[in-house]
Amino acid sequence: MINDKLLHPKSIAIIGASNNISKPGGKIVKNLKDNNFRGKLYAVNPNETEVQGIVSYKTSSDLPEVDLAILAIPAQYCLEAVTTLAEQKNTKAFIIISAGFGETDEAGKLLETQIANVVTKNNGCLIGPNCIGVMTPDHTSVFTTPIPKLTPAGCDFISGSGATAVFIIESGIPKGLRFANVFSVGNSAQTGVEDILEYLDKTYVHGVSPKIKLLYIENIDAPDKLLYHATSLIQKGCKIAAIKAGSSMAGSRAASSHTGALTSSDVAVDALFRKAGIVRCYGREELTTVANVFMCNELKGRKLAIITHAGGPGVLLTDALESGGLKIPVIENSQQKEALKKKLFAGSSVENPIDFLATGTAEQLGEIIDACETDFDVDGMAVIFGSPGLFPIRDVYKLLHHKMQNCQKPIYPILPSLINVKEDVSEFLSLGNVNFPDEVLLGKALTKVMNTPPPMENEIFLDGVHIARIKEIVKEAKNGYQPPEVIHKLFDAAGIPRVKEIVAKTESQAVLAAINIGFPLVMKVVGPVHKTDVGGVVLNIRNLGDVRKEFHHLNQIKDATGVLLAQMASGTELFMGAKYEQNFGHVVLCGMGGIYVEVLKDVASGLAPLTHNEALSMIKSLKSYKILKGYRKQKGVNIEKFVDILVRLSSLLRFATDIKELDINPLLGNENEIIAVDARIRIEK
Numbered sequence: 249m250i251n252d253k254l255l256h257p258k259s260i261a262i263i264g265a266s267n268n269i270s271k272p273g274g275k276i277v278k279n280l281k282d283n284n285f286r287g288k289l290y291a292v293n294p295n296e297t298e299v300q301g302i303v304s305y306k307t308s309s310d311l312p313e314v315d316l317a318i319l320a321i322p323a324q325y326c327l328e329a330v331t332t333l334a335e336q337k338n339t340k341a342f343i344i345i346s347a348g349f350g351e352t353d354e355a356g357k358l359l360e361t362q363i364a365n366v367v368t369k370n371n372g373c374l375i376g377p378n379c380i381g382v383m384t385p386d387h388t389s390v391f392t393t394p395i396p397k398l399t400p401a402g403c404d405f406i407s408g409s410g411a412t413a414v415f416i417i418e419s420g421i422p423k424g425l426r427f428a429n430v431f432s433v434g435n436s437a438q439t440g441v442e443d444i445l446e447y448l449d450k451t452y453v454h455g456v457s458p459k460i461k462l463l464y465i466e467n468i469d470a471p472d473k474l475l476y477h478a479t480s481l482i483q484k485g486c487k488i489a490a491i492k493a494g495s496s497m498a499g500s501r502a503a504s505s506h507t508g509a510l511t512s513s514d515v516a517v518d519a520l521f522r523k524a525g526i527v528r529c530y531g532r533e534e535l536t537t538v539a540n541v542f543m544c545n546e547l548k549g550r551k552l553a554i555i556t557h558a559g560g561p562g563v564l565l566t567d568a569l570e571s572g573g574l575k576i577p578v579i580e581n582s583q584q585k586e587a588l589k590k591k592l593f594a595g596s597s598v599e600n601p602i603d604f605l606a607t608g609t610a611e612q613l614g615e616i617i618d619a620c621e622t623d624f625d626v627d628g629m630a631v632i633f634g635s636p637g638l639f640p641i642r643d644v645y646k647l648l649h650h651k652m653q654n655c656q657k658p659i660y661p662i663l664p665s666l667i668n669v670k671e672d673v674s675e676f677l678s679l680g681n682v683n684f685p686d687e688v689l690l691g692k693a694l695t696k697v698m699n700t701p702p703p704m705e706n707e708i709f710l711d712g713v714h715i716a717r718i719k720e721i722v723k724e725a726k727n728g729y730q731p732p733e734v735i736h737k738l739f740d741a742a743g744i745p746r747v748k749e750i751v752a753k754t755e756s757q758a759v760l761a762a763i764n765i766g767f768p769l770v771m772k773v774v775g776p777v778h779k780t781d782v783g784g785v786v787l788n789i790r791n792l793g794d795v796r797k798e799f800h801h802l803n804q805i806k807d808a809t810g811v812l813l814a815q816m817a818s819g820t821e822l823f824m825g826a827k828y829e830q831n832f833g834h835v836v837l838c839g840m841g842g843i844y845v846e847v848l849k850d851v852a853s854g855l856a857p858l859t860h861n862e863a864l865s866m867i868k869s870l871k872s873y874k875i876l877k878g879y880r881k882q883k884g885v886n887i888e889k890f891v892d893i894l895v896r897l898s899s900l901l902r903f904a905t906d907i908k909e910l911d912i913n914p915l916l917g918n919e920n921e922i923i924a925v926d927a928r929i930r931i932e933k
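The numbering used here applies: residue 249 is where the sequence shown begins, and numbers increase by one.
Rather than coming from a laboratory, the hints here were simulated on the basis of the structure.
Any given hint could turn out to be false.
Said to hold, decoys possible - What follows is a set of in silico ranges between Cβ atoms, one per label pair, in the way DEER data are often shown: (1) E755 with E846: 33 to 39 Å; (2) H778 with H714: 29 to 35 Å; (3) L666 with E846: 21 to 27 Å; (4) N764 with L787: 14 to 20 Å.
Every residue, glycine too, gets a C-beta built ideally from N, C-alpha and C.
Could you put together the complete structure from these sequences and hints?
This is the structure in C-alpha cells:
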C-alpha cells in the first residue's frame, strides 16, 4: 500500500531519535540531515529536549501532524506509538526499523499483525518491521551507509533483507551502478516485494520512471502478483533482475515419482522468473553486473567484438561469452581490416579479439571502435583497457566515454586497474558510466541477459481440451494414484495421444484384450507404483500362450489389482511430468526419457498454463535438443507434436489443481507422432 507520504513526505518524525549516531535512531537523523531532507524533522525521545539540533518531544502524542514516522524503539512500544500517530496525528506512512517481531516468535508475529491492521485501517503504508528503511530522491530514511546518489536514471531496488541490501549497494557503487529508490521491506507485515513492484508498475511513466528494477527476495508470498506486474513492467520497456534466496535442494520434499524428485519450490521460482522475463541471479556481484549490462545500450544480436590491449583478459572473456552462446566472429571485411591495421602499431591483431597492444593509444581505440560501429559485422563491443602504471591513460577513458555516448551499438567497458588508475576510473564513473572490472563476470552476466526469454503470452490453449469433462473426472476420482482407466479418460479429455490399453482382471479378459489390441504388446501389473522394481513389466509379447502365462505371473505380484495390456510402441523415449506447488500452481517438466531424466536430469520447467511459444522455448533449452531434432543419421522426433502435448497437459492441469503429481514416462516419439505409453497420476483433494 505504497503512498505519496512514504515517497515524498513533507514531515518526518523519528520515534527513538538519539544524539548517539552509533544507534539506529541517531544514525537515521544524521542521514536525513546530511542528505538535505527539505521537509520538517521531528524527534521523539523522553530523555532529550534536542536531538542533533532538532526539537525533541517526550511522546508521540506531543507531536504535530506528521506524514512519515520512523520507529527505532523496542518492539513492545511500537503498537502504542503507531496507534497514536495513525489515529491522532494523521500519519499515513510508517517505517519500523525495530526487530523483535515475527522473526523471533509467535507473540512477535501477533504484534506485527496488530500494527499492520492499525496502519491499514487508517489507510496508511507500513514498511517493515525489522528493516533498514527506505531511500528515495526526497529522503534517506535508513540507519545504514553507504547512501548512493539517488537519481531517476538509476535503478529501483527492493530487498527482503536489510543487510543484503547494504551489501548489494556496496557491490554496485564501485561499478558505477546508480540507484533511484531503495526499499527494504524486512518482515513485510503489510507491504512486501510484490506490493512495491505492483506500485512501480501502476505508476510507471515511460521516459520518466526508472527502467531497471532489482529484487532480492527471500519469500514469494504472491507469485501471481509478482508474475503479473513483472511481466507488465518488462512489456513497458523495463528490465528486471532478481535473486531468490534458498535455492538448494535440501529443502525439497521427497516424492515417489520422477517429477517429485526433480521438482522443488525453487524449480517453481525458476519457472516463474522465466515466464515473467526476469533475469535470475544467484549472488550480489552477479546481480549488480547484470544491472550494469541493463544500463548499457541493448545488445540486439549475439555477435560481439572484443577490443583489448591485453591478450589474457580477451581470451577469458571470449571463453565466457562463447560458453554462454554468444559469438566472437572472425572479422571478414578484409579491405576494412587492412585499413584499420595500418592505423595501429606493428604487431597489433585485427582478428577478433582485436588486440592493439599495451602501448595502444586513445586515438587508435577510437579508430577500432568506429570500425566496429560502421564497418564490421558485430552487434556490440567489449573494451578492455587497464594500466600497468607506466603512463597516464585518462585520455583513453575520455575517448571511451565519448564513444559510449555516441555509438548506437553497446560498448561494455572493462577497466580492471582499480588501484593503478583509481582516480581515472572514478572520473569515468562520475560521468554516469558503468564499469565491469571483471571480464568473466561480464561475460556470464551478458549471456544470462541474452538467454533470458521475453515474458510469455498470458493465454490458455483450449482447442480440443474439454474442461468440464476433466473437472468431472477428477471430482469422481478417489484420492491417491489413479487406475489406468482414469488416466485414459483424462488424457482423452485433453487430447493427449496414448497407446491403446485395456485392464484385465481375469485370464479370459486378458486374452480378449490381446486380440483387441493386437501383437506385439506389453503387459504391466496394476497396483504397485514402481512396476519395474517388482518385475511388473513384460515386453514384446507375441502370442496368446504368453498372454496367459504372464497374466498369472503378474497377477501374483504383491498388491496387484489387475494386469494392463497395451500396444507395443517404439521410438525415442520422452518424459513429461508435473507437480503442484502451493501458491505457484503446477510446475511442468519435459525432457528426454531414460538416463536423460533419471541420471543427467536434463529437464526443462515451466509454469502451467503454457503457450506454444513457451513450450517450444522449454524444449529448445534442453541439452538433448539436438538429439530431439535429429543428429547425424539418427531421425528426430516431431517437435511440433511434442510442443502440442506439453501445452495440452498444462491446460489440463490448469483446471485440475487436485492433481498433485503426474508422470508420463515414457512417451515414445518419431518424426511422425508422439504417443504416451506409461503414466502415473496422484490426486489429493
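Starting from the hint 33 to 39 Å, judge whether the C-beta atoms of E755 and E846 obey it. Between E755 and E846, where Cβ atoms are some 34 Å apart, the hint holds.
Taking 29 to 35 Å as the hint, is the beta-carbon distance of H778 and H714 inside that range? For H778 and H714 the Cβ distance comes to about 31 Å; the hint holds.
Holds or violated: the 21 to 27 Å window for the beta-carbon distance between L666 and E846? 47 Å, violated
14 to 20 Å as the expected CB spacing between L787 and N764, which holds or is violated: 19 Å Cβ-Cβ, so the 14 to 20 Å window holds.
Consistency note: the structure conflicts with earlier hint 3 alone.
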